[in-house]
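Number of protein chains: 2
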Amino acid sequence: MDSYILDWIKFATMKNILHGLSLILITMAATLFSIEQAGAQQDHRMIRIAKIQVDPAQLDNYNAALKEQMAMAIRVEPGVLTYYAVADKVNPSHITILEIYADTAAYQSHIQTVHFKKYKATVQNMVKSLELEDVNLIDMAKKPGM
Amino acid sequence: MDSYILDWIKFATMKNILHGLSLILITMAATLFSIEQAGAQQDHRMIRIAKIQVDPAQLDNYNAALKEQMAMAIRVEPGVLTYYAVADKVNPSHITILEIYADTAAYQSHIQTVHFKKYKATVQNMVKSLELEDVNLIDMAKKPGM
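Those sequence lines, one after another, are chains A and B. Using the working numbering, read the first sequence as starting at 1 and increasing by one per residue. Using the working numbering, read the second sequence as starting at 147 and increasing by one per residue.
Careful, some of the hints might be misleading.
[Stated by the list, open to error] Cβ-Cβ distance ranges computed for the label pairs, FRET-style:
no.: 1; chain 1: B; residue 1: Asn-271; chain 2: A; residue 2: Val-76; range: 45 to 51 Å
no.: 2; chain 1: A; residue 1: Val-114; chain 2: B; residue 2: Ala-158; range: 51 to 57 Å
no.: 3; chain 1: A; residue 1: Ile-9; chain 2: B; residue 2: Ala-251; range: 55 to 61 Å
no.: 4; chain 1: B; residue 1: Pro-202; chain 2: A; residue 2: Asp-60; range: 39 to 45 Å
no.: 5; chain 1: A; residue 1: Ile-111; chain 2: B; residue 2: Pro-290; range: 21 to 27 Å
no.: 6; chain 1: B; residue 1: His-190; chain 2: A; residue 2: Ala-12; range: 51 to 57 Å
no.: 7; chain 1: A; residue 1: Glu-68; chain 2: B; residue 2: Asn-282; range: 14 to 20 Å
no.: 8; chain 1: A; residue 1: Ala-12; chain 2: B; residue 2: Glu-214; range: 49 to 55 Å
[Claimed, not checked] Dumping the calculated DMTMM-like pairs for lysine to aspartate or glutamate here, alpha-carbon to alpha-carbon at most 25 Å:
no.: 9; chain 1: A; residue 1: Lys-142; chain 2: B; residue 2: Glu-214
no.: 10; chain 1: B; residue 1: Lys-266; chain 2: A; residue 2: Asp-139
no.: 11; chain 1: B; residue 1: Lys-197; chain 2: A; residue 2: Asp-43
no.: 12; chain 1: B; residue 1: Lys-263; chain 2: B; residue 2: Glu-214
no.: 13; chain 1: B; residue 1: Lys-213; chain 2: B; residue 2: Glu-223
no.: 14; chain 1: B; residue 1: Lys-263; chain 2: B; residue 2: Asp-201
no.: 15; chain 1: B; residue 1: Lys-288; chain 2: A; residue 2: Asp-134
Hints are computed from structural coordinates only; laboratory data are not their basis. Where a beta carbon is used, it is the ideal one built from N, C-alpha and C, also for glycine.
This is chain A alone, in the form it adopts within the complex:
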């Protein structure tokens, strides 16, 4: 009889573990879904389009500095959320960057960072013109994981 009780306890424990794992999976799924949804609301987000014309002779160096800045900011700054940097197919030195920050405070903090200041110093003689357009989100729609 003791063995049956032990059996039952072990089973009950395993069932609890499985139940716990199921909850973890459900929570993960719900979190992913809520993150996707959050993208469509984001009342406090600051979204900006930067339009940059770069000296064509220095384009490779500019792009390298830009990529380094983007990767670093996303990695270390909690309030830097999204960068898409694209280049015109016909004039690759005409660059557009879509930037999303958690809020304006996150942006103000961003431009004080060492990596952003390094980027600005590196590219100051590469950039021929810079236009910044502050925008509001109308909507975003993406495949999951994009």
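Let chain A serve as the given structure and place chain B on it in line with the hints.
Below, chain B alone, put in the same frame as chain A:
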């Protein structure tokens, strides 16, 4: 002795289930990571920036039609990957849309769909100007889940 064997079999089965669940979790994590990474490569992707000026008097109707088109295309077309639609803060009728398709074939298929044709018909008298800029990705960087 039978009871011990039964005990062991049940345990072994539970261990296999737990092992399987662990593998599922690891696979999910790896998939999410690879999707994020894929964003930085996407050799065949077609990326476009649409710059649209809308009749201010019809802006709400335009935005509604745009949102409907975006949501439908993302939901039903495998090759429509990402839309960000934003409006200039100063001139909300100046709209920019970042569009990402799996490839040019996906785009060609997209513009033949019923929902896209409905959108075009709905907005044809709302749109004052439309500029399409084909671009190449320099890089993208995003927080996980963004």
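Evaluation of the provided hints:
Checking the proposed 45 to 51 Å range against Asn-271 (chain B) and Val-76 (chain A) shows it holds: the Cβ atoms sit about 48 Å from each other. The supplied range of 51 to 57 Å is met by Val-114 (chain A) and Ala-158 (chain B), whose beta-carbon atoms lie about 55 Å from each other. Checked against the hint of 55 to 61 Å, the pair Ile-9 (chain A) and Ala-251 (chain B) passes, with Cβ atoms roughly 59 Å apart. Restraint check, Pro-202 (chain B) to Asp-60 (chain A): a C-beta distance of roughly 42 Å satisfies the suggested window 39 to 45 Å.
Here the CB-CB span from Ile-111 (chain A) to Pro-290 (chain B) is close to 24 Å, well matched to the stated 21 to 27 Å. Checked against the given bound of 51 to 57 Å, the beta carbons of His-190 (chain B) and Ala-12 (chain A), roughly 53 Å apart, stay inside it. At about 19 Å, the CB distance of Glu-68 (chain A) to Asn-282 (chain B) agrees with the hint of 14 to 20 Å. Under the hint 49 to 55 Å, the C-beta atoms of Ala-12 (chain A) and Glu-214 (chain B), about 51 Å apart, fit the expected range.
Using a Cα cut-off of 25 Å, the hinted pair Lys-142 (chain A) and Glu-214 (chain B) holds, with the two alpha carbons roughly 13 Å apart. For the hint linking Lys-266 (chain B) to Asp-139 (chain A), the alpha-carbon distance of about 18 Å falls within 25 Å, and the restraint holds. The suggested pairing of Lys-197 (chain B) with Asp-43 (chain A) holds, with an alpha-carbon distance near 23 Å, which does not exceed 25 Å. For the hint pairing Lys-263 (chain B) with Glu-214 (chain B), the CA-to-CA distance comes to about 12 Å; that is within 25 Å, so the pair holds.
Only pairs whose Cα atoms come within 25 Å are accepted, and Lys-213 (chain B) paired with Glu-223 (chain B) is accepted, the gap being roughly 15 Å. At most 25 Å may separate the alpha-carbon atoms for a hinted pair to count; Lys-263 (chain B) and Asp-201 (chain B) meet this at roughly 20 Å. The suggested pairing of Lys-288 (chain B) with Asp-134 (chain A) holds, with an alpha-carbon distance near 19 Å, which does not exceed 25 Å.
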